[in-house]
Structure formats: C-alpha cells, structure tokens
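Take a look at the letters that make up each chain.
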Amino acid sequence: MEAVKALFEDVKRIRKERPLVHNITNYVVMNSTANALLALGAAPVMAHAFEEVEEMVGIARALVLNIGTLSTPWVASMRKAAEVARERGIPMVLDPVGAGATSMRTATALHLVQEGKPAVVRGNASEILSLHGTSAETKGVESTHESDAAALAARDLAAKEGCVVSVSGVVDYITDGEAVIEVLNGHPMMPRVTGMGCTAAALTGAFAAVNPSALEAAANAMAVMGIAGEVAGKKAEGPGTFQVQFFDALYRLDQSTIRERLKMKRT
Amino acid sequence: MEAVKALFEDVKRIRKERPLVHNITNYVVMNSTANALLALGAAPVMAHAFEEVEEMVGIARALVLNIGTLSTPWVASMRKAAEVARERGIPMVLDPVGAGATSMRTATALHLVQEGKPAVVRGNASEILSLHGTSAETKGVESTHESDAAALAARDLAAKEGCVVSVSGVVDYITDGEAVIEVLNGHPMMPRVTGMGCTAAALTGAFAAVNPSALEAAANAMAVMGIAGEVAGKKAEGPGTFQVQFFDALYRLDQSTIRERLKMKRT
Amino acid sequence: MEAVKALFEDVKRIRKERPLVHNITNYVVMNSTANALLALGAAPVMAHAFEEVEEMVGIARALVLNIGTLSTPWVASMRKAAEVARERGIPMVLDPVGAGATSMRTATALHLVQEGKPAVVRGNASEILSLHGTSAETKGVESTHESDAAALAARDLAAKEGCVVSVSGVVDYITDGEAVIEVLNGHPMMPRVTGMGCTAAALTGAFAAVNPSALEAAANAMAVMGIAGEVAGKKAEGPGTFQVQFFDALYRLDQSTIRERLKMKRT
Numbered sequence: 002m003e004a005v006k007a008l009f010e011d012v013k014r015i016r017k018e019r020p021l022v023h024n025i026t027n028y029v030v031m032n033s034t035a036n037a038l039l040a041l042g043a044a045p046v047m048a049h050a051f052e053e054v055e056e057m058v059g060i061a062r063a064l065v066l067n068i069g070t071l072s073t074p075w076v077a078s079m080r081k082a083a084e085v086a087r088e089r090g091i092p093m094v095l096d097p098v099g100a101g102a103t104s105m106r107t108a109t110a111l112h113l114v115q116e117g118k119p120a121v122v123r124g125n126a127s128e129i130l131s132l133h134g135t136s137a138e139t140k141g142v143e144s145t146h147e148s149d150a151a152a153l154a155a156r157d158l159a160a161k162e163g164c165v166v167s168v169s170g171v172v173d174y175i176t177d178g179e180a181v182i183e184v185l186n187g188h189p190m191m192p193r194v195t196g197m198g199c200t201a202a203a204l205t206g207a208f209a210a211v212n213p214s215a216l217e218a219a220a221n222a223m224a225v226m227g228i229a230g231e232v233a234g235k236k237a238e239g240p241g242t243f244q245v246q247f248f249d250a251l252y253r254l255d256q257s258t259i260r261e262r263l264k265m266k267r268t
Numbered sequence: 002m003e004a005v006k007a008l009f010e011d012v013k014r015i016r017k018e019r020p021l022v023h024n025i026t027n028y029v030v031m032n033s034t035a036n037a038l039l040a041l042g043a044a045p046v047m048a049h050a051f052e053e054v055e056e057m058v059g060i061a062r063a064l065v066l067n068i069g070t071l072s073t074p075w076v077a078s079m080r081k082a083a084e085v086a087r088e089r090g091i092p093m094v095l096d097p098v099g100a101g102a103t104s105m106r107t108a109t110a111l112h113l114v115q116e117g118k119p120a121v122v123r124g125n126a127s128e129i130l131s132l133h134g135t136s137a138e139t140k141g142v143e144s145t146h147e148s149d150a151a152a153l154a155a156r157d158l159a160a161k162e163g164c165v166v167s168v169s170g171v172v173d174y175i176t177d178g179e180a181v182i183e184v185l186n187g188h189p190m191m192p193r194v195t196g197m198g199c200t201a202a203a204l205t206g207a208f209a210a211v212n213p214s215a216l217e218a219a220a221n222a223m224a225v226m227g228i229a230g231e232v233a234g235k236k237a238e239g240p241g242t243f244q245v246q247f248f249d250a251l252y253r254l255d256q257s258t259i260r261e262r263l264k265m266k267r268t
Numbered sequence: 002m003e004a005v006k007a008l009f010e011d012v013k014r015i016r017k018e019r020p021l022v023h024n025i026t027n028y029v030v031m032n033s034t035a036n037a038l039l040a041l042g043a044a045p046v047m048a049h050a051f052e053e054v055e056e057m058v059g060i061a062r063a064l065v066l067n068i069g070t071l072s073t074p075w076v077a078s079m080r081k082a083a084e085v086a087r088e089r090g091i092p093m094v095l096d097p098v099g100a101g102a103t104s105m106r107t108a109t110a111l112h113l114v115q116e117g118k119p120a121v122v123r124g125n126a127s128e129i130l131s132l133h134g135t136s137a138e139t140k141g142v143e144s145t146h147e148s149d150a151a152a153l154a155a156r157d158l159a160a161k162e163g164c165v166v167s168v169s170g171v172v173d174y175i176t177d178g179e180a181v182i183e184v185l186n187g188h189p190m191m192p193r194v195t196g197m198g199c200t201a202a203a204l205t206g207a208f209a210a211v212n213p214s215a216l217e218a219a220a221n222a223m224a225v226m227g228i229a230g231e232v233a234g235k236k237a238e239g240p241g242t243f244q245v246q247f248f249d250a251l252y253r254l255d256q257s258t259i260r261e262r263l264k265m266k267r268t
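Those sequence lines, one after another, are chains A, B and C.
When we follow our numbering, the leftmost residue of the first sequence carries the number 2, and every step to the right adds one.
When we follow our numbering, the leftmost residue of the second sequence carries the number 2, and every step to the right adds one.
When we follow our numbering, the leftmost residue of the third sequence carries the number 2, and every step to the right adds one.
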C-alpha cells in the first residue's frame, strides 16, 4: 500500500509539474518516447546539436541518453550533455542500447557510465552483462539463468559506479548495489513493439525529475511500464493496437489501477 | 458559408493535385507529419542533404522547414532550400520549434525568417514572442494574457517581415500584419500528442501549395487541424487512439463535417 | 497450394529463428519498419555509424539499405555495409527510394546496385525505370502502361546485374531476369500510409534471411505485405487505423489466411 501511494504520488507530481525531460536518443524511438512522456504528463524535448546541448540541459529537470543509433557527433553531444548534467545536479539516465553488440557501443556506454555518472543505467540483461564485463561465455556453469548473472552484474556495477542499475526483463531488477526492488508487472507483447526498453528509460527520466531517490524513481518507472503494458494487453490484438493502447493507459493511469496491479518486491 | 466552401475547395485541390511538399523537419515528427500529409491527400518528401536540396525543392510545390532537431549541416541545407524556394517562387513555411529555448534555435529561426522570406511562420505563442524579441519578462503588466502579447507580436512580425504569422493555441491567430483570422477549432488532447504543431506546419505547406493567399492557406490549415482534432477527440480514449483517429479524420474530412464544425472569425 | 505452404514455411522460420535484420534506412520509416519486422517475428537493428557497420553486418542475417533520407556520411556507411555483406554472403536488399528524383539518389542507388551486388532491389515503377535508365520520356509509344515499361526494365536490370528486381504496384512484379512472379494481393489504402514500400523492403530482408532463393523471398515478402494489407483494410476506417491493423495482421498471420487470400502467379 505504501508503494502504491508513493508511486501514484510521483505520477501526480509529473502531471502537475510537467518536468522537461531532455532526450538525446535514437531515431527509431524519438516519436514513441516523446509520446510516452507526454501521455504520462511530462514535457519531452529532443535536442542533440553540440552547440545547444549545454543550454538545453540547463533548462531540463532530467537528461536521458540512449545510444541506439550512435554516430561520432552524437557521442560528443552526449558526453557534453552528461558533463553539464553532472555539474548542475540534473539526474541522467543512460540506456546502453546494444552494448556488447559492437565495440563502439560498448565503449561509448562504458565511458558514459564512468565519466557521466548516471543516476540510473537502464538496460536489458545482455547490455548490463556487457557493461559489467561479463560476457555470455564467461557466465560460468554456476549461473543457470541469464537473469541470475544479470542480477549479480547489476549489483556489482551499481556498487562500483555509485549508480542505480535497472535491468528490464520478465522480472525487472532494480538495485543501487545494496537495496533491490523487483517489479513483476509486464506483458508478453511488450518485446514485440519497438522501443519499449527505450520508453522505460525515458519514463525513468521523468520519475527521476520528481523523485530524488534514483532507486525509487527507476522502480516506479518500471512499474508504470509494466502496469500500462498489462492494461494495454487486455485490449490489444497485436503489437499495433498494443502500442496505441499503451499510450492511452499511461494517460489514464489512476491510483486504483496501480493498487489492483502493482507487483513490487523490496529485498 | 463562404469560408466553408473556400476551405473545402482547398482540400479538394490537395486531393486532386497531390502537391509534393518538401519537408526538412525534425526526426521526432517525420513519420507523423508524412502520414498527416498523405492522409489529407498531399505527397510528402523528406530530404535534407545539402547536395540534393536544390533539385528536390525544384520539383516541390511547397517547402516546410522545421528546426525541432537542428544541427549545423541541417541548418546549411535549410538555408539553401529556402534560397532556392525564394528564387523560384515556391512558398516556404517555417516552424521555429523551440525558438527562445536555445540561442542556436533563436538565431537559426531569425535568419530563416529574415533571409528565407517565408510565406508563413507557424509557431506557438512563446516561439513567436521570441522571434519578435518579446521575452516573457518584457511582456509587461499591460498584457494580462500571453495570447494578447503573442497577437501583438504576430502582427508586428508579419508587418515587418512581410509574411503571414500563424500562432497556434486554444484560439489560433493568423495575420498578415493587417487582416486577422482566428480559428476556434481544436481539442484539449492535441498538446498531449507529440508534433501536432509540426503537423500544423506541414499541412500549412500543403494548403500553401494550392492556395496563393498565404493568409487563407495558413488559416485553412489550422481549421483542418482543429476540426480533425475534434472528430478524433470524440472517439479517443487517450493520446494513442487520438493520433490514430486524427489521421483517419484527415482522410475522411468532408464538406458537411467542415460546415458543422468550422469556427473561423475574420477581423 | 504449394505456394501457400512454402510461404507459411518461411513465416514459421522467421518466427522461430528471429533473424537479425540490419537496416540502414531513412528516418521517416525507422519506427514503422522496426515494428513491422518485430510484428512478423524478425529482430530488427538500425545502425548507421561507419565505425560500427562492419561489426553489425557481421552478426546480421540480412542487410536492408534504403536511401530515403540520404546524406554523405550515410552513403559511405551503406557502401561499407554492402561490401561487408557481399564478402560474407549476407543477402542485401536495396530500396532505391526516390531514384530519379535527384541525381544524388540516382547515383547512390546505381552505385549500390553495381558494386553492392544486392540480392533484391525493391522499388516502385518509377524508381526501377530510373535505375534502368528508362526515363518516362523515353518509354516510347509502344508502352501503353507504365507497368509494362517497368516490367521490361525490371527483367533487363535483373539480368544485367544478376539480382532479383521486385517492383511494387497494384500488381507486384518480381523477376530474376528469367522467371517472373506476380503478386496480386494488396489494398488501395497502402499508398496512403508512409513507408509501406520501405516496409516491403524490410520484410524482404527478413524473408531473404531464411530463404536462399532471393526470387521466392522477394515474392513471399510482397505477398505477406499484400495479405496483411487486405486484412487491415477490412477493419480500417482510414490510414491511421490501417497502419495499426497492419501490424496486428502481420503478427496474427496464419496459414488459413494465406490460403484464403494468396494471389500469386508464376510465369
């Protein structure tokens, strides 16, 4: 019940304060993440030019960096934006899309973790394992589940880098290196819509803008994702209708829906 | 009644002639503005490479420049495209997204207004105030409403630059510096969908392609936006369904819907 | 019946193997083509940085190049990606969007056809005519239909370049220079949604990833496009609902729907 109230308190603050969330994100999801932020109640802005990132970060209440469609000029802008955010105490969320797939992505993500001092790193299991240096090959026979390995990697990475790590999956795993929150909400259609992970990172930015606890912000964002996904999944007949219903669910999210559905465990 | 017929005449011309509208616009809205143009009946093309803008503008019947996700190479292409459009008498619509938020945006928008000689500048109140040099701070106590200040700024800017200024808001205000048209159509869900302003600018391009009066083209575009928004709003349960229904409403727009809904005032 | 089974066999392989399809495509359609690939069952990735294309192509099972929003750095990445794909035997699909409209597009598309050795070139009639060097002016009086001229150009281009050419239209025409497959499926709403041609190219990549016959892969992709379009068209009230229903139809596509609707002719 405490968690339900705390989560809805954050949602109400987002809707009332309409925090500006500055995204430097990938081309694929710009439209859908902007729509998700608007549907929830935040104010998105996308701006990537090196010449303007300092000013734009300066008027934002959160910064979301997403490396899904990298190129060299964008990396420079992300680094600059991260530096400004760090100096001004603006929470930064990093989505290390595809870390591990190419060396450019892994290196960029690692640099942004180490120098950018994100409040939250949000990725899937394989991305977090890659940032931690645990490749699929080196997981060892002890780890019967990838998710177990990812949980270990997440705790380790969070402790080492002094940030929150949020691993999305069937069970979302959010940790600051000590405390752990698990979110069991979600829907099987979510991986069939492009950019749902990126949307989770964008919403994490909105929650981080209004909640000074990065751990709670990250967990509340994942819970809202999962709950909106469940509501959308009831009406959807495929990923097309799912995406549309998902935006509506974010917009219509109320306390009774949260109370009815929230499955969050603290350990 | 005159206004209803004139508006539907433009819509019919767009549907019959399928004018090519060349957009150099922001990444966030490329898909949704292309879909809006297609739904209405126009033919969108997006092309931003400096090497090809001259040829592309040359085969287009309108040019839409939108600075929502600027970078230096895109600014160069926009300037080139504006120059070619001006030389060839192709109407240009400028959407100064975020003017006032960063100096790069304000400077780029001002340059495009002054050198590019747009047929129409379409923005929200704060963008138009920023282009006019009226900051929120300098509005003074006389202006009890931001929209009053924006109306003054729009008239002034239009007269000075010899263009039409179209300010979107609860009441849209369109002026060539002397004549004023106000459009009262619209729906409260519209600001909850990303890029509705950008869509208004894109549709203004389609109307400018078929109507030699920039004032009427701009007003008719805002009326179609507002009417399609009202039709969509009746069926929508949130911004997801709203966006989808909005495209359908543009596609299905007919004279009787316009007659029933149009709220346009000339002064 | 043979064709029905063969097509559904490909769909099942895509859903089971989830082939990674690497897209270097235009900004307008990145979201919708990623969603189409996911809805069908494939795994899309978008990556355009010169620094990472080699690695990314190396882990993909198909490469899709689409020149819809070109710029010089992207052309360099496309050429590099094509080279790597050719060396490693990864099928490449080229969508020459706007070839003929500007010299940059025509030259880039021609270079990618000649040096990149695509498995399939998929375009509309005017793009294929432009690649073939047959301008509208030179079609001659013998060609009473543009589609006749496009069929001749497609056969000729396919034979000369040793690739499959897939021309989309009311009747899709797919040829390797000798054999010809025609697909009669489709819906009149499809040209009213942006990027349907680009989606066809992306799905051609998914089929090429699982079917070693480029001719069959290209034809099966066009058939799935057309059938999903017909299913979507039954529920749609405009291009907004059409797009959403199209994704759902790809996701729900089953053998009985294919059997009921497939209209494919081999000659």
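Keep in mind that the hints are not guaranteed to be accurate.
In this list, chains with the same sequence are indistinguishable; a pair is considered to hold if it fits within one copy or across any two.
For lysine to any residue, the following SDA-like pairs were computed, each having C-alpha atoms within a straight-line distance of at most 20 Å [claimed, not checked]:
| # | residue 1 | residue 2 |
| --- | --- | --- |
| 1 | Lys235 | Arg253 |
| 2 | Lys6 | Asp255 |
| 3 | Lys13 | Pro189 |
| 4 | Lys13 | Lys235 |
| 5 | Lys161 | Ser257 |
| 6 | Lys266 | Asn186 |
| 7 | Lys236 | Arg253 |
| 8 | Lys236 | Val172 |
| 9 | Lys17 | Gly42 |
| 10 | Lys17 | Pro192 |
| 11 | Lys13 | Pro192 |
| 12 | Lys118 | Ser214 |
| 13 | Lys266 | Ala4 |
| 14 | Lys13 | Asp149 |
| 15 | Lys17 | Gly234 |
| 16 | Lys81 | Ala102 |
| 17 | Lys161 | Glu18 |
| 18 | Lys17 | Pro189 |
| 19 | Lys13 | Arg80 |
| 20 | Lys264 | Pro213 |
Honestly, the hints are just simulated from the structure, not real lab data.
Outcome of the hint check:
| no. | hint | result |
| --- | --- | --- |
| 1 | Lys235 to Arg253 | both (15 Å within a copy, 16 Å between copies) |
| 2 | Lys6 to Asp255 | within (11 Å within a copy, 44 Å between copies) |
| 3 | Lys13 to Pro189 | between (28 Å within a copy, 19 Å between copies) |
| 4 | Lys13 to Lys235 | neither (24 Å within a copy, 26 Å between copies) |
| 5 | Lys161 to Ser257 | neither (38 Å within a copy, 55 Å between copies) |
| 6 | Lys266 to Asn186 | within (11 Å within a copy, 48 Å between copies) |
| 7 | Lys236 to Arg253 | both (14 Å within a copy, 15 Å between copies) |
| 8 | Lys236 to Val172 | neither (22 Å within a copy, 35 Å between copies) |
| 9 | Lys17 to Gly42 | within (8 Å within a copy, 38 Å between copies) |
| 10 | Lys17 to Pro192 | between (31 Å within a copy, 15 Å between copies) |
| 11 | Lys13 to Pro192 | between (28 Å within a copy, 18 Å between copies) |
| 12 | Lys118 to Ser214 | within (15 Å within a copy, 50 Å between copies) |
| 13 | Lys266 to Ala4 | within (9 Å within a copy, 51 Å between copies) |
| 14 | Lys13 to Asp149 | neither (34 Å within a copy, 31 Å between copies) |
| 15 | Lys17 to Gly234 | neither (27 Å within a copy, 22 Å between copies) |
| 16 | Lys81 to Ala102 | between (24 Å within a copy, 18 Å between copies) |
| 17 | Lys161 to Glu18 | neither (33 Å within a copy, 37 Å between copies) |
| 18 | Lys17 to Pro189 | between (32 Å within a copy, 16 Å between copies) |
| 19 | Lys13 to Arg80 | neither (32 Å within a copy, 43 Å between copies) |
| 20 | Lys264 to Pro213 | neither (22 Å within a copy, 46 Å between copies) |
In summary, the numbered hints that this structure violates are 4, 5, 8, 14, 15, 17, 19, 20.
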